[in-house]
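*Asks:* Each chain is listed here by its residues.
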Amino acid sequence: MPELSMILAGLGDAFSLQTLAFVLFGVITGQFVGAVPGIGPVMAMAIAIPFTFGFDALAGIGFLVGVNKGGLVGGAIPAVLLNTPGTPDAAATALDGYPLARQGKPLKATKMALFASVTGDTFSDIVLITVSAPLAVLALRMGPVEVLGLMMLAFAVIAGLMGSSLSKGFIAAALGLLCAMVGTDPEHATPRLFFGQYELYDGLPLPAVAIGMLAIAELLNRLARSGGVRAAVTMPERQSAADKRVSWAEYWACRYTIARGALIGTVLGALPGIGSTAAAFMSYASARQASRDPGSFGKGSLHGIAAAESANSSVMGANMIPLLTLGIPGNVSAALIISAFMIHGVQPGPFLFEQQGRLIYGLFGAMIVANAMNLLVGQIGLRLWVRVVSAPESFIFSTALLMCFVGVYLASGGIFGIGVMLAFAVLAFVMNAFGFSVVVFIIAFFLGPRLEISLSQTLALLDGHPLRLLDYPFGLALMALAGATGIYLARRRQFDAPE
Amino acid sequence: MSLKRTIAAIAAGAAMFAAGAAQADWAPGGPLSLQIGFAAGGSTDTIGRIVAKVLRDQTGWNVVAENKPGGGGIAMFTGIANRPADGSVVGLGVSMPILVNLVTRPDKLDFDLDSFDYLATAARAQLALVARADAPFDDVAGLIEYAKTHDGAALAFDAKPQELAMRKVAQMAGIKFQYLSTKGGSANAKLILGGQAIAGFEAGEHLPFLESGELKMIASMNESRHNYAPDTPTLPEQGFAIYVDPVFFFATTAGTPEDAREALVAALAAALDSDEVREVVGNTLKSPIVNMGPEGTRKMLDDGLANVGQLFAQ
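Chains as they are written, first to last, in our numbering: chain A, 26 to 524; chain B, 155 to 468.
To be clear, the hints were calculated from the coordinates, so they are not data collected in a lab.
Fair warning: there could be bad hints in the mix.
To be verified - Each pair of labels, with its calculated beta carbon distance range:
id: 1; chain 1: A; residue 1: Gly508; chain 2: B; residue 2: Asp292; range: 42 to 48 Å
id: 2; chain 1: B; residue 1: Asn236; chain 2: A; residue 2: Phe76; range: 29 to 35 Å
id: 3; chain 1: B; residue 1: Pro185; chain 2: A; residue 2: Ala34; range: 43 to 49 Å
id: 4; chain 1: B; residue 1: Asp456; chain 2: A; residue 2: Leu401; range: 58 to 64 Å
id: 5; chain 1: B; residue 1: His304; chain 2: A; residue 2: Ala46; range: 53 to 59 Å
id: 6; chain 1: A; residue 1: Phe76; chain 2: B; residue 2: Glu449; range: 32 to 38 Å
id: 7; chain 1: B; residue 1: Val218; chain 2: A; residue 2: Ala46; range: 24 to 30 Å
Stated by the list, open to error - The calculated lysine to any residue pairs, modelled on SDA-like cross-linking and capped at a C-alpha distance of 25 Å, are:
id: 8; chain 1: B; residue 1: Lys302; chain 2: A; residue 2: Leu494
id: 9; chain 1: B; residue 1: Lys370; chain 2: A; residue 2: Gln380
id: 10; chain 1: B; residue 1: Lys370; chain 2: A; residue 2: Glu379
id: 11; chain 1: B; residue 1: Lys322; chain 2: A; residue 2: Glu212
id: 12; chain 1: B; residue 1: Lys262; chain 2: A; residue 2: Asp210
id: 13; chain 1: B; residue 1: Lys453; chain 2: B; residue 2: Val419
id: 14; chain 1: B; residue 1: Lys370; chain 2: B; residue 2: Met326
id: 15; chain 1: B; residue 1: Lys262; chain 2: A; residue 2: Ala214
id: 16; chain 1: B; residue 1: Lys330; chain 2: A; residue 2: Asp210
id: 17; chain 1: B; residue 1: Lys302; chain 2: A; residue 2: Leu487
id: 18; chain 1: B; residue 1: Lys370; chain 2: B; residue 2: Phe291
id: 19; chain 1: B; residue 1: Lys337; chain 2: B; residue 2: Asp312
id: 20; chain 1: B; residue 1: Lys302; chain 2: A; residue 2: Leu484
id: 21; chain 1: B; residue 1: Lys330; chain 2: A; residue 2: Leu494
id: 22; chain 1: A; residue 1: Lys193; chain 2: A; residue 2: Glu477
id: 23; chain 1: B; residue 1: Lys453; chain 2: B; residue 2: Glu412
id: 24; chain 1: B; residue 1: Lys337; chain 2: A; residue 2: Gly489
id: 25; chain 1: A; residue 1: Lys324; chain 2: A; residue 2: Ser265
All figures in this text were calculated on a predicted structure; none of them were measured in a lab.
Ideal Cβ positions, reconstructed from N, Cα and C, are used throughout, including at glycine.
Start from the sequences and build out the full structure, keeping to the hints where you can.
*Replies:* Have a look at this one:
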């Protein structure tokens, strides 16, 4: 147990004027870059890292944490207002956020996203601060077989999102998995499906595919349909106050949805490498399953927004669990935070709390402060963004298009990434036109490599003896749960079909 | 602004310009692109970005760090090989993946070792074979004994040469291992600490775990022992003439004019020698800056090509 005086000293550091200023600056930067479709918080963090070397460790890391957390809130803004999510996890927010914004309630939709996001984030931070050590031990026990079971469960739950036609859903998922296979195969390191393009050696770049299919396709679609000068988002002239805000009663009604999302996000976040996209969609799908009114989902349900945002934001705090206790980053932003630690000579791992206790408690303090600032900056920022997007849509969409190009250029290493982005925008346009789910494609594409690597590791462990699976009871239980979920959802689909 | 101050400012600017010009006659005609052959958020990225920053500070050139991921640097070096040789681009890559590709599919690459002018090396990644502290062995011979009695031993690796090296060991010893392929050293650490793998490869991530006594080092996979573990012998010292020696190096397009090349070599050497780069690279890689210079870099790659050729000749 660390000494109280050290905890207090750490928290005191977090509340120093310098740290507060850096965290605030980070949150503002994060919300801004998150809200601009195309440029995400990851790129902003990568650019900022060499400069954090000049700051003291807590200020530098607090700044990056601020960018990361701000980005989670900011990412929901274009998804809700324009239906152009910049990252796959925000695509889940768009499912209900955008319909609600179209109903003339953009502020209500973005505020629900903000509140759910900050709630989920705070929950996972508290889990991180209080029980990270036992959770890290648990995460270590999750070996390849258990992760494979979890991936199967994720696919089964997400199958519930496949829409009206099962066969079209499977085709979209298969296509996503096929695209995920491009690149070097994880087992033998032989290049696959790369057609002589060395840029494809590491697979199709995720930012290019995600932004192309989610943002560019929608922008093209809207630009093609737009005639005359119209606002990108229309707000009714006279709007009742209730439509501009989220009341306590509305928030409270979503409490179970938010709690479930926060729990899913925290559990998945504590396991390195699964990520916020799976969390957002699993939470969304299970909220819809649990809802007494599943028909309202996809039509602007506050529950839908709350489910997606609470889950994808709670991944962030939980991601720090394997990072701080084991030095294992769960995703790219966690990897960037590790590099920031390391350039300051701080090595995450077993001695971190012992050797750097004051810094770590300072970081915890900064995380909580960042959540509060997220709420504050968000309250002001959302009004601003809603005003920005009430500009004529020809202006907004062309600006957004340009930002997508810039963002993908930066994130995926040049013109090649832009080509990939445009190719996938066309694919998404065609898929949308014929009723194939782009979201299912993206999830399959995103989870594909993780599924494959856990499968390959599992096969190596079994070494040709299937019965060795019996040595992994928890993994087997997860697989059985995945099977049961699949069967349940298929039956329910048949039951629902006549409607 | 008053006239006097304007003149003073212009004079100061001119003096600075003259000082810069005296230092090096050559400067890039536009921005100098420092390309990093890997995605953001890894050790190569960190090294590239800090070197770019210090280069910018020291030379005043407009140095832009860019990530060009793909094939462990293959995509980036393919691009650099085909650029005009005007000193406007410098690539930062790691030797092993380049050498592996040059050995396994030379006919499919758009470049060979002659396609570049070499500028510097930054450091060597000290690659270690580690095991959980409670594993019933302390060296490679013990690991082989363990594999004999346990129907193999699961090893976590994150790059092909590591697997090939252990396949060679297994072949020589007449045993088998199970190979768990992962996406990096920290994923290897997770499998080893979690008990799913008995041993695996680490390039720095393992140091705190060595200190805490949760992991132990079985062998240095490099040609030489590691600076932090002078008592742990290398794989060749343990009877297997195999090593894996990843080195971070800088190169530009072959045929770059001599003045440009010399200016780049000097600028990189100065940046690598700065306290800022020393500290960041030391903290990130846990190994010291090693700048072999232009000729040394080329020799390291030539020797490495022969070694990797041997690794793949099974």
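*Asks:* Each hint should be assessed against the structure and marked as holding or not.
*Replies:* These are the hints, each one checked on the structure:
1. Separated by about 44 Å at the C-beta atoms, glycine 508 (chain A) and aspartate 292 (chain B) satisfy the suggested range of 42 to 48 Å.
2. Between asparagine 236 (chain B) and phenylalanine 76 (chain A) the beta carbon distance is about 32 Å. The supplied range of 29 to 35 Å therefore holds.
3. Here the CB-CB span from proline 185 (chain B) to alanine 34 (chain A) is close to 44 Å, well matched to the stated 43 to 49 Å.
4. Checking the proposed 58 to 64 Å range against aspartate 456 (chain B) and leucine 401 (chain A) shows it holds: the Cβ atoms sit about 60 Å from each other.
5. Histidine 304 (chain B) and alanine 46 (chain A) have their C-beta atoms about 57 Å apart, which keeps the hinted 53 to 59 Å range intact.
6. Distance hint check: the CB atoms of phenylalanine 76 (chain A) and glutamate 449 (chain B) are about 34 Å apart, consistent with the given range 32 to 38 Å.
7. A hinted range of 24 to 30 Å holds for the C-beta pair valine 218 (chain B) and alanine 46 (chain A), which are about 28 Å apart.
8. About 22 Å separates the Cα atoms of lysine 302 (chain B) and leucine 494 (chain A), which keeps this hinted pair within 25 Å; it holds.
9. Proximity of lysine 370 (chain B) to glutamine 380 (chain A) is assessed by CA-CA distance (about 21 Å); at most 25 Å being required, the pair is judged to hold.
10. Pair hint lysine 370 (chain B) plus glutamate 379 (chain A) holds up; C-alpha atoms about 21 Å apart against a cutoff of 25 Å.
11. Using a Cα cut-off of 25 Å, the hinted pair lysine 322 (chain B) and glutamate 212 (chain A) holds, with the two alpha carbons roughly 17 Å apart.
12. In summary, the hint linking lysine 262 (chain B) to aspartate 210 (chain A) is supported, as the alpha carbons are separated by about 18 Å, within the 25 Å threshold.
13. Between lysine 453 (chain B) and valine 419 (chain B) the alpha-carbon distance is near 16 Å, which keeps this suggested pair within the 25 Å criterion.
14. A distance of roughly 24 Å separates the Cα atoms of lysine 370 (chain B) and methionine 326 (chain B); the hinted pair therefore holds under the 25 Å criterion.
15. For the hint pairing lysine 262 (chain B) with alanine 214 (chain A), the CA-to-CA distance comes to about 16 Å; that is within 25 Å, so the pair holds.
16. Annotation: proposed proximity of lysine 330 (chain B) to aspartate 210 (chain A) holds, straight-line Cα distance about 22 Å (limit 25 Å).
17. A hinted pair counts as satisfied when its Cα atoms are at most 25 Å apart, and lysine 302 (chain B) with leucine 487 (chain A) qualifies at roughly 17 Å.
18. Pair hint lysine 370 (chain B) plus phenylalanine 291 (chain B) holds up; C-alpha atoms about 10 Å apart against a cutoff of 25 Å.
19. A C-alpha spacing of about 5 Å is found between lysine 337 (chain B) and aspartate 312 (chain B), which places the hinted pair at or below 25 Å, so the restraint holds.
20. For the hint pairing lysine 302 (chain B) with leucine 484 (chain A), the CA-to-CA distance comes to about 20 Å; that is within 25 Å, so the pair holds.
21. A C-alpha spacing of about 20 Å is found between lysine 330 (chain B) and leucine 494 (chain A), which places the hinted pair at or below 25 Å, so the restraint holds.
22. Between lysine 193 (chain A) and glutamate 477 (chain A) the alpha-carbon distance is near 23 Å, which keeps this suggested pair within the 25 Å criterion.
23. Of the supplied pair hints, the one linking lysine 453 (chain B) and glutamate 412 (chain B) holds, its CA atoms being roughly 19 Å apart against a limit of 25 Å.
24. Our distance criterion of 25 Å between C-alpha atoms is met by lysine 337 (chain B) and glycine 489 (chain A), whose separation comes to about 23 Å.
25. At roughly 20 Å between alpha-carbon atoms, lysine 324 (chain A) and serine 265 (chain A) fall within 25 Å of each other, so this suggested pair holds.
When the structure is compared with the earlier hints, no violation turns up for any of them.
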